[in-house]
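Student: What follows is each chain in one-letter form.
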Amino acid sequence: MAFVRDRFLAFFLDFMIFSPVVSLCCAGFLRQAKTFFLLQNDSLEGYISWALMLVVAFVVSVLLQSAFLFFWQATPGQLFMQIRVVNYPVPRSRLTLGQCLQRSLFWNMSFLLLGVPFLEVVSHLRRRAFYDRASDTLVVTHKQVCAPAPLPFETRMVSSWMHLFYFAMALVAAMLFGRTYFLLQKDYFAQTEQKAALCAEVPASEVSEHHRLDAVMTLFLMNKVSSDCLVQEADHELWSEGDNASALAYLAKSLVAETLTEQRKYVAKVCALDKKEICQLAHYIHDEDQGTQILGEHPILLSTRFLILEDQLENGHYMAALSSVQSLQKEKVLKSALEKRYVSAVWALNEHLQHHHGREPASADEQTAVQEFKDKYGVP
Amino acid sequence: MILPYTEDLRKYRSFPVTGALLLLNFLIFIFLLNAGGETPMNSPLLEEKAMVLSGRLYYQFLQSLPAEQLYLRPTWVRQVHSDDLEQVEVLGAYALRDRNFMEQASEQSFRGDQVQIEAWQKDVESFKDSSSQQLAYRFGLTSLESSPLSWITYQFAHSGWMHLLSNSVFLAIIGATVESLCGGLSLVLIYTLGGIAGGLGFLLMSAHGTVPMVGASASISALLAFYCVAEPRRRIRYLYFVSPLPHHFGAIYLPTLLMIPLFLVTDAASLWAIPEGLGSGVAYSAHLGGAFLGLILGCAYRQLRWPQRQLLRDF
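Heads up: the protein sequence lines correspond to chains A and B, in order.
The working numbering numbers the first residue of the first sequence as 1 and each following residue consecutively.
The working numbering numbers the first residue of the second sequence as 381 and each following residue consecutively.
For reference, chain A alone in the conformation it holds in the complex (with noise of 0.2 Å):
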């Protein structure tokens, strides 16, 4: 029989003679997985390509060890360390092409199971793993001296430990397939939908397209939507309509500048392309010092108007501000964001009133916007 140093030996140069040309093989499928995951983290054709590849490995692997062993009754390897592998128990001259072929077979499926079974080479009676014992074939060398039978305490201990690892293995596959089959009835698998190149915090059914980026933006200063969602609109808007791209794409890059040059930049853009609301618009944010005069008596944009709501309420405008919310509750996707600001209004008129209540007459419209209130919200 032959050393088991020997053995491993071989099979280290066997590792380092074969594992270039199977790599030669299975080179294009790799490169083609690399490019599909390449444009895609989680790309399909990916994964086949990676499955293609492996079978090709393992079936090149095969036929690479089975042409050795047909031939020359050993692996490179196994020539190099005076190693041959010879029928058992019945001797024959060579080794037909179906023994080869089922050693091989084996031999290569061993990894599979993490290597485990190759430790029978060690523990077994004459050093014949699954692979020689289901393909008849022993493994002798040609030197003056041969290994000896392992000790029975060797067999032993090995066998009770490959023993243990064939059941830790069984467990866990077990275990995987309660998983994987847990995790198909959760739906965790279904195709998820390709990322939309607008901003998924604004569906898509809640503003029209036309005062999007106008909407999001009011959303933007109001605190509803994120910095990153403000961009990404106004990215959208910037690089899809290209030189048409509206002066309110820039604004809204202007608020979310890193620096106060970037800003400047973005605000100078915004006056070169319109001078009229929005130029007035990105001052007014701007600059502190502006007063809501600047943003004119008729605005257009969502976002003037809000400000302008802003400031109202600020001053104790509170029937104007009233009348803005309710003017910007017609945009459905603002209806709920500017609730509390509603709330506040009615509230501050209220206070208003009973403060004031004999000094001076409360108007019809005031009256009516605070019971319209309290209706509303069953309040007494």
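Bear in mind the hints are in silico, worked out from the structure with no lab data behind them.
Here are the simulated lysine-lysine pairs, DSBU-like style, with alpha carbons at most 35 Å apart: (1) Lys-429/B x Lys-335/A; (2) Lys-224/A x Lys-335/A; (3) Lys-340/A x Lys-330/A; (4) Lys-330/A x Lys-224/A; (5) Lys-429/B x Lys-265/A; (6) Lys-265/A x Lys-275/A; (7) Lys-275/A x Lys-335/A; (8) Lys-332/A x Lys-186/A; (9) Lys-265/A x Lys-502/B; (10) Lys-502/B x Lys-275/A; (11) Lys-429/B x Lys-508/B; (12) Lys-275/A x Lys-224/A; (13) Lys-429/B x Lys-502/B; (14) Lys-330/A x Lys-276/A; (15) Lys-265/A x Lys-335/A; (16) Lys-332/A x Lys-429/B; (17) Lys-508/B x Lys-265/A; (18) Lys-276/A x Lys-335/A; (19) Lys-275/A x Lys-332/A; (20) Lys-376/A x Lys-335/A; (21) Lys-275/A x Lys-330/A; (22) Lys-224/A x Lys-429/B; (23) Lys-186/A x Lys-224/A; (24) Lys-330/A x Lys-376/A; (25) Lys-275/A x Lys-429/B; (26) Lys-376/A x Lys-332/A; (27) Lys-429/B x Lys-34/A; (28) Lys-34/A x Lys-186/A; (29) Lys-224/A x Lys-376/A; (30) Lys-276/A x Lys-429/B; (31) Lys-224/A x Lys-265/A; (32) Lys-332/A x Lys-224/A; (33) Lys-34/A x Lys-508/B; (34) Lys-276/A x Lys-502/B; (35) Lys-332/A x Lys-276/A; (36) Lys-340/A x Lys-276/A; (37) Lys-34/A x Lys-502/B.
Position chain B relative to chain A; hints supplied.
Tutor: Using the frame of chain A, we list chain B on its own:
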């Protein structure tokens, strides 16, 4: 672990040319290390957002190319969706490797966020300036910098200590072997011509690239291939180590031809496995170019008559 270890290596004084080549590589590396300029690796162009921007601009650049130039680019580049920012980011990484794009980037007008584009064009200029000051670009070989001298200087420049060390180990072993076989002049000839052939191989595979190549790997591949063909039947001693147990370490004699699958076939497989248009940090095409020349020189060596072989050895 298994490493070649020829017995002759202990007689290091017998290999003056190999020693000289090693010393030259080491001295040039020290010189380049001390004289290195500002690294372009800190450039804002390499940040994620800048990569996306580069990708968007490169996408517009591709749309402006005529069909025959567009089809010189890899297939996956042409399949990128401009709406998918992850794909655009990958495209941006490729854009920095496209020589034509980088040359025109500063002057070309692009659609989109003009403030970002203006800042990006300034970053491109400073990136190109700092890159050109890098000694790897000045002494290395690229399609941008391919002066006659760079074909030689790149063979002696290395990108780091590990690069130098690994090449030096192989140069010491194979250089000593080739020098003992056919003398110092042949060694220098094979080293230099192998490096030039490796450079040709590299430029053939990356004709439009901007990344420079440095290192003695192509020259060493030429020496390896030369020796495999010149002395195919000779056995080389390898030292192996599996474990400290008795009989698990020692020496084994393996034929020279074993080096072909170990190094050259592996290089071919690695080159083929790289996605089109991308690099891997190792210039496999240069290795193969040098090896190809080494194979030819090895065959030529075997055709020489015995007296001529003796003459080369005595030189």
